[in-house]
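Colleague: Protein chains in written order, with full-length UniProt numbering: chain G, 1 to 289; chain P, 1 to 90; chain X, 1 to 281.
Some clues are possibly wrong.
[To be verified] Simulated pairs of lysine-lysine, PhoX-like, Cα-Cα distance not exceeding 20 Å: (1) G:K93 with G:K204; (2) X:K112 with P:K30; (3) G:K93 with X:K193; (4) X:K18 with G:K8; (5) G:K93 with G:K3; (6) G:K176 with G:K248; (7) P:K30 with G:K8; (8) X:K174 with X:K193; (9) G:K204 with G:K176; (10) G:K176 with G:K187; (11) X:K112 with G:K3; (12) G:K286 with X:K18; (13) G:K286 with G:K3; (14) G:K93 with G:K8; (15) G:K3 with X:K174; (16) X:K174 with G:K176; (17) G:K187 with G:K204.
If you are wondering where the hints come from, they were derived from the structure by calculation, not from laboratory data.
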Amino acid sequence: MEKTVNQKAWFLVLPVLVLVAFSAVIPLMTVVNYSVQDTFGNNQFFWAGLEWFKEMLRDDRMWDALGRQLMFSGIILLIQIPLGVFIALNMPKSGFWVSFCLVVMSLPLLIPWNVVGTIWQIFGRVDIGLLGHTLAAIGVDYNYTSDPFAAWVTIIVMDVWHWTSLVALLAYAGLKSIPDAYYQAAKIDQASRWAVFRYIELPKMMGVLMIAILLRFMDSFMIYTEPFVVTGGGPGSTTTMLSIDLVKMALGQFDLGPAAAFSIMYFLTILLISWVFYTVMTNLEKREG
Amino acid sequence: MEWMAWTWPTAIFFMVIASLLITFTILAIKFPETPRVGVLRIETTRGDRLFITLLGSAFINLAWLGLADMAQWWALVICAVYAVLVFRYV
Amino acid sequence: MTDASITAPKARALPKVKSSTIVMGLYLLFLMLPIYWLLNMSFKTNTEIVSTFTLWPTNPTLDNYRTILTDPAWYTGYINSLIYVVMNTVISLAVALPAAYAFSRYHFMGDKHLFFWLLTNRMAPPAVFALPFFQLYSSVGLFDTHIAVALAHCLFNVPLAVWILEGFMRGVPKEIDETAYIDGYSFGRFFAKIFMPLIASGIGVAAFFCFMFSWVELLLSRTLTTVDAKPIAAIMTRTQGAAGIDWGVLAAAGILTIVPGALVIYFVRNYIAKGFALGRV
Chain G
1 MEKTVNQKAW FLVLPVLVLV AFSAVIPLMT VVNYSVQDTF GNNQFFWAGL
51 EWFKEMLRDD RMWDALGRQL MFSGIILLIQ IPLGVFIALN MPKSGFWVSF
101 CLVVMSLPLL IPWNVVGTIW QIFGRVDIGL LGHTLAAIGV DYNYTSDPFA
151 AWVTIIVMDV WHWTSLVALL AYAGLKSIPD AYYQAAKIDQ ASRWAVFRYI
201 ELPKMMGVLM IAILLRFMDS FMIYTEPFVV TGGGPGSTTT MLSIDLVKMA
251 LGQFDLGPAA AFSIMYFLTI LLISWVFYTV MTNLEKREG
Chain P
1 MEWMAWTWPT AIFFMVIASL LITFTILAIK FPETPRVGVL RIETTRGDRL
51 FITLLGSAFI NLAWLGLADM AQWWALVICA VYAVLVFRYV
Chain X
1 MTDASITAPK ARALPKVKSS TIVMGLYLLF LMLPIYWLLN MSFKTNTEIV
51 STFTLWPTNP TLDNYRTILT DPAWYTGYIN SLIYVVMNTV ISLAVALPAA
101 YAFSRYHFMG DKHLFFWLLT NRMAPPAVFA LPFFQLYSSV GLFDTHIAVA
151 LAHCLFNVPL AVWILEGFMR GVPKEIDETA YIDGYSFGRF FAKIFMPLIA
201 SGIGVAAFFC FMFSWVELLL SRTLTTVDAK PIAAIMTRTQ GAAGIDWGVL
251 AAAGILTIVP GALVIYFVRN YIAKGFALGR V
């Protein structure tokens, strides 16, 4: 649609601007202020310069959390994107079963995140959970509270359970937009199933898949509630993601300075990644016209 | 405002950012922006280049803090060079 | 994952069943099992949960639900959550509607940067904002109130609502606006009488997603409340860790938090993808 230039449109955006400035800009400024100061309780602040940044950057704690976080997000993307596309390709074509699948698949997406944690906390327990009990019965040594590997498997399976449907729903929406004529042309050319996927379905899905990757990467990058409920960041700190570590530092120990420095670096990373994705997405849209 | 724990250096920092934004807004009114495609092969306007400069400068400063032991002013020198490059070629 | 490679040969052995049906069947089973297990436990007594392992409740009981619905410590959590969630939905939609209209219809200075800035707020980790929010709302005396949580959730819900609504509004041809203005409608009257009914489904979807994202959030709502506005999610997590967890009640509480989503899911089924994708599908 052709848009007209109208500077008065600013007045329509003003309420959003004020509200988001209040809930985003003021807190961020505060974080910047805290990050250069030291505090000994009761709102007494002392100038610390860039010491906190230096300390955080040269301390392994943040880098370890970042490493775990990147590994988690990477595994999540590697599993969820192909699996989601695969599920979308297997969706029923029409009728009652489409609605049925859509409804059941959406269900995990709408469950409060702490309840997702609770569900898997219970489900994986060896004494009372179906999964843990079954695994124990067939002789698998599985205990997510003491074994780091089991804890990782649990939170990854939990996230796959929670969010794969989102990728599938997006991919399905992309598939539905392909006109029938494309498939008929492919049939006339006797294209293989793989060729149809590679040259018709995948290119048409690129736009929505970009959004799916963006959303899944971002949301897994700031994941807090689900692993916090299941493992609490443990055993040890093996499942302590960036957000969990930050909350521990900021609200658990109330280390305002280091936590603020951590927050700023975390936010800058998010900003960079968002910008890269946004630029790629808008350029894709432009190319498609 | 007390809880925000303002200090002069951070206040000056935000004033610099704000004045940059205001300057670029005025520039955009006086000399309307025309997008161009640079070395990154993406369309950028003057405002985009400012954003790239600021975000990049933040990371340059962090890298300097983490890796180098010399004064932070040197990082700002690198940022200035980086800014010129961004505005010239991106 | 591995399901696929296992099912493919099986499908050839049973020619009557399509392989896609098997894939979908297994996937839906994988989705439903954990939820079923929670439902199953919510109908059991604690003795049955701990002492025996049964696939369905042998003596179904509604005691767990009765506990929650009669004990104020539990049910006020639901009321608190509902209050701030509704507040947040109303605020988000009220400010997002005009903004989304502006983004969908006009070019103005800095529009692209503003739109991107909104996106970054949707992507920003709540963990970064938890501490400053705590300080901010404490200093203005709003700590432990519903409005504090509602405003805090605006951080991600306002951008979400703007993006979703903009996605729907782009689909409404601009000629409608122009004809209305020629007919002498003022902007306000046009917006309320003509435009809003046209994007009614979009408003519904945006409201649903604001409701949902505020309802599922834990970190901010837990940080900003202690007693008076404590949400159900915080009550659930604080119960854990204490010696002797009441699994049955916890399961029932979990089931009750799923109910609001499950009730309306059918009506928004075709828009789920659009809503989660910020209106970009």
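Colleague: Taking the hints in turn, state whether each one holds.
Modeller: Checked hints:
no.: 1; hint: G:K93 with G:K204; verdict: 17 Å, holds
no.: 2; hint: X:K112 with P:K30; verdict: 19 Å, holds
no.: 3; hint: G:K93 with X:K193; verdict: 38 Å, violated
no.: 4; hint: X:K18 with G:K8; verdict: 58 Å, violated
no.: 5; hint: G:K93 with G:K3; verdict: 37 Å, violated
no.: 6; hint: G:K176 with G:K248; verdict: 44 Å, violated
no.: 7; hint: P:K30 with G:K8; verdict: 18 Å, holds
no.: 8; hint: X:K174 with X:K193; verdict: 16 Å, holds
no.: 9; hint: G:K204 with G:K176; verdict: 10 Å, holds
no.: 10; hint: G:K176 with G:K187; verdict: 18 Å, holds
no.: 11; hint: X:K112 with G:K3; verdict: 13 Å, holds
no.: 12; hint: G:K286 with X:K18; verdict: 39 Å, violated
no.: 13; hint: G:K286 with G:K3; verdict: 15 Å, holds
no.: 14; hint: G:K93 with G:K8; verdict: 47 Å, violated
no.: 15; hint: G:K3 with X:K174; verdict: 9 Å, holds
no.: 16; hint: X:K174 with G:K176; verdict: 26 Å, violated
no.: 17; hint: G:K187 with G:K204; verdict: 18 Å, holds
Against the hints set out earlier in the document, violations occur for numbers 3, 4, 5, 6, 12, 14, 16.
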